[in-house]
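Protein sequences appear in the order of chains A and B.
Numbering-wise (the working numbering), the first sequence opens with residue 258 and increments by one.
Numbering-wise (the working numbering), the second sequence opens with residue 3 and increments by one.
Calculated directly from the structure, the hints in this document are not laboratory data.
Quick caveat, the model's predicted, so the values are computed rather than measured.
Each residue gets a CB set at the ideal place from its N, CA and C atoms; glycine is no exception.
Don't take each hint at face value.
Pairwise CB distance ranges, derived in the manner of DEER restraints [stated by the list, open to error]:
1. B:V4 <-> A:T352: 54 to 64 Å
2. A:T352 <-> B:A176: 51 to 61 Å
3. A:V341 <-> B:E84: 19 to 29 Å
Listed next, the stretches of chain A that the computed footprint assigns to chain B, with coverage defined by at least 3 CB atoms under 8 Å from CB atoms of chain B [unchecked claim]:
4. 417-427
5. 433-439
6. 472-483
Looking from chain A toward chain B, a few residues come up when the C-beta cut is under 10 Å (computed) [what the hints assert, rightly or not]:
7. L284
8. R311
9. R338
10. T339
11. G340
12. R397
13. A430
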Amino acid sequence: MGLTVWTIVIGTTAAAACSLVGCYLVLRRLSLLGDAISHAVLPGLVAAFLITGRVGGWPAVLGALIVGVLTSVLADIVHRRTGVPEDAGLGVVFTSLFALGVVLLGLADGTDLDPGCVLYGLIELAPLDTAPVFGLEVPRTLLTLVPVLLITIGLFVLFWKEVQLTAFDPAHAVAAGIHAGLIHHAVLALTAGVIVASFEAVGSILVVAMLVVPPVTAGLITRRLHHLMPMAVFFATTAATGGTLLATWWNTSVAGMMAVVAGVQLGCLLAVSSVILGERQSRGERGVSPGR
Amino acid sequence: MVPPVLEVDDLNTTYQRRVVLDAIDLSVDGPALVAIVGPNGAGKSTFLKSILGLVPCTGSVRVLGQPIDSVRRRIGYVPQRESVDWDFPVSVGDVALMGTYGRLGWFRRPGAAERRVAQECLSRVGLDGLEDRQIGRLSGGQQQRTFLARALAQQADVYFMDEPMAGVDASTQAVIFDLLDELRDAGKTVFVVHHDLRTVASRFDRVVMLNRRLIAAGPMAEVFTTENLQQTYDSQFVTLDEAIACSATTR
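Pulled out of the complex, with its shape left as it was, chain B reads as follows (with noise of 0.2 Å):
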C-alpha cells in the first residue's frame, strides 16, 4: 500500500507560550494540489514550517511514509519572498543552482549536469536571459519565479510552497498556476499557502483549511463550504461569495 503524502499527528507548536497550532491530524494522498487556507495568523506557515522541521513543534509528522529528515532529499519548499535579504550578491542563476545542493552532499561541487538543470528549471518560469542578474534588480513576480526555479531544481517529489502568488502580477501568476498543474501531471504534491479564495475551488484539487486548529481538510467539492469558511474565518462571513469577495480585497 502506498503511503500517505503527508501524515501529521497531534501537531502542537507554540511560540513564545502562545499557542500557534493545536492538535492538528492530518492525512493527505497524492499526488495533488493542496491549497492551505486561512485568516492572517492562523498558523498556516508555521504549519508550513513545523512539518519541514524549522521550528520547535510536538508530535508526529511523516512525509511519503517516513520521517522528514529522511526524505528531505524529495522535499522542496519555496519560503515567503520576504524571508530573504535580495540585495545579497547572487545572481538569478546562482539561486536556480542552489536548489541541486542538497542532492549534492558535502564536498560535491555542482558541475555541468546541476548547471543544466538549473538552467532547465529557469527556462520553466519564464526566466530565460535573466541568469546572470543580481536578484535584488527583479520585479517581483521575477523574484518569485526565482525562488519556483529553485525549487524545481530540488527536482522533488513534495513541495511545500508558501504564498508563492502573493504580491505577483497576473502573469506570474499564471505562469504559476500551469506550473502546478504540470507537477501534479507528473505525480507530484504541492502544498500550497494560498490567499485568494477565488482560485482555490477552480485550481486546486484539496483544500486545508486552518485557524490555529484544524477546522476541514479533503477534497475540494466535499469540504470548501460556507459552513467550513464561516468557522476559518470566525464566522466574518454570511456566503461562500461574500468570503471569497473578501479574499480579492484584502490581498
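The following block holds chain A by itself, in its conformation from the complex (with noise of 0.2 Å):
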C-alpha cells in the first residue's frame, strides 16, 4: 500500500479516537484538560523509557495512563483541599509534572527520546517504521493506535449510561448510585491513553485540535448526545483524510494541514448555522444558541 493511504490510515485511528474522548472534555467544559495532560504523561513517557529502553508503544500508553490519573486526582486534591479555582488546580500540577517529565529526560541523556518528537510527532515518518502483521507490512504505530481506538468504543459502548449522567449530572449520578467520581478519572485516564498512543503518529498539536474541534463542530448541528460523538468521529475523520491529501499535494505539513480542514470545518459550519439562524430570527422564530 502507498505511503499516503498509510498515513491517511494511521490520522484517521488518532484522529477518530482522540474526538471521541474530546466530547466528553468539551461537555465538562474541560477542553484544555487534553492539553495538560498531553503535557503532564511527560514524566509517564520518560519513566516508560528508561525502564523498556524503548520509546513508544505499550509501555508508554500505560505510563500515561498512570500519569493521567495522576494528574486530574492531584488537580481534585488541590481544588478541593486548597479551594483554588480548579483549572488553576489543574495549572499548578500538570506543569509541575510536564517539568518533572523535562528534568527526567535530562538525567537519561544521550538518548534517542527528545520532547521535540514526543511533542511534535511525525505522521510523515510514521509509515516507514513498519512489522509484520500477518504478513502484511503494517506501520508499528498502528498496533498501539487500533487496539486504543477499538478499547475507547468499547468502553463508552459498555457504560453509555455511566458516561451520559457522569457528564450531564454527576451529581445526581452520585446520589443515585453510580460511581460518577470513577467514572470521570477513568474517562480522563482513557484520555490520557488515547492521546499518548497518538502523539507519536501526529504530534501534540493535531491531538489537542483533534480533541476539541471536531466535537464543537459536531456540537453545531446536533443536540442529542448519541448523534455527537458519531459525528465528531466523521468531522475528525474527513479532516484527517482530506488534510493528508491537501498536504501531499500542496507538500506540506500533514499535521498541520489536518488540524487546519478540521479548523475550516468548524468555520463552513458556524457560517452556515449563523445564516440559518439570521433567517430564523428575520422569520420572528425563536433563536437557538449556536453553542452546545
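Grab the two chains, each in its own frame, and use the hints to assemble them into the complex.
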C-alpha cells in the first residue's frame, strides 16, 4: 500500500480516538484538560522509556495512563483541599509534572527520546517504521493506535449510561448510586492513553486540535449526545483524510493541514448555522444559540 | 417497628475550614411532606448534599434505617436547576430516562419498560409532546418539571428536592404541589428545600428550621411558630406574618 494511504489510516485512527474522548471533555467544559494531560504525561513517557528502553508503544501508553490519572486526581485534591479554582489546580499540577518530565529527560541524557519528537510527532515518517502482521507490513504505530481506538469505542458503548449521567449531572448520578467519580477519572485515564498513543504518530498539536475541534463542530449540528460522538468521529476522520491529501498535493505539513481542515469545517458550519439562525430570527422564530 | 425515614446524628459539615452545619440531630417519620426552611447561607442545600453523601461530612445518617449507600435505589434527588449545563445535548425524554439508570445497574441498557416509565413520568408533570426537545429550549418551569420527571422515574420511596419552586411560574408551582400530595398519598416522604414561607404551613406536614444548626423540627402546628422563625431568621422579623410577607418578596 502507498505511503499516503498508510498516512491516512494512521491519521484517521488517531483523529477518531481523540474526537471520541474529546466529546466528553468538551461537554464537561474541560476542553483544555486534554492540553494539560498531553504535557503532564511526559514523566510517564520518560519513566516507561527508562524502564523498557523503548520509545512509544504500549509501555508509553501504560505510563501515560498512570500519570493521566495522577494528574486529574492531584488537580482534584488541590482544588478541594485549598479551595483554589479548578483550572488553577490543574495548571499547578500539569506544569509541575511536565517540568518533572523535562528533568527526568535530562537525567536520561544521550537517549534518542527527544521532547520535540514527543510533542510534535512526525506522521510523515510513521508509515516507514513497519512490523509484519499476518504477512502484511503494517506501520508499527498502528499496533497501539488501533487497539486503543477499539478499547475507547468498546468502553463508551459498554458504559454509555454511566458516561452520559456523569457528563450531564454528576451529583445526581452519585445520589442515584452511579460511581461518577470513578467514571470521570476512568475517562480521563483513557484520554491520557489516547493522547499518548496518538502523540508519536501525529504530534501533540494535532492531538489537542482533534480533542476539541471535531466535537465542537458536531455540537453545532446535533443536540443529542448519541449523535454527537459519531458526528465528531465523522468530522475528525474527514479532516484527517482531507488534510493528508491536501498536504501531499501542496507538499506541506500533514499534521498541520489536518488541523487546518478541521478548523475550516468548523468555520464553514458556523457560517452556515449563523445564516440559518439569521433567517429564522428575521422570520420571527425563537433563535437557537449556536453553542453546545 | 418501622425505622424513621431519616435519622441524623451529630452531622457536621465544614467547607474550606468554615462550619456550614453544626451538630445536627434529627429524626423524621414518614410518610410526610417535609419543608426545610432557613435564610440564605443557612446550609439547606448542604444539608441535603450531606445526607446524600455528596459532600464530606462527619456524623451518622440513616435513611429508612440503613446507611445511605445501601438505599440509593430507593432515593430520588432533584438538584437545584442551576447545577447543570442546560445546553447539554440531551432531550427531555433522555433526561427522564436517566432516572431509571440507577436501578438498572452496570451494563444493562434501558429497554421498552424503562422508556414507558419515563414517558409516564413526563405525562405526570405535564410535559407530553416535548420528549424530543433539547432541554435548553425549555422555559424555567419546564426545566424544573423535567428534573421532577427524572426523579419520579427513579421510583423512589424518599425524595430530596433542592428548591424545586425557585423561579418557576404559577402553573408549574401548582403542578409540583399536586405532585407532592400524590407522592405523600402513595406513602412516600419528600424533603423540600423551600423559600416561600407563605405556602409552608398550608402545603407541608412537617418543617425543619435550619440556620447552620437545627433550630427546630417537627409537626407544622407545633414548630412553625413566631419564636422559632425569629431564631431561624436571626430575629429579622417581629411576627410570623411579617416573616411570611418578607419571604414572598425575597424570591
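Earlier hints that do not hold, by number: 8 and 12
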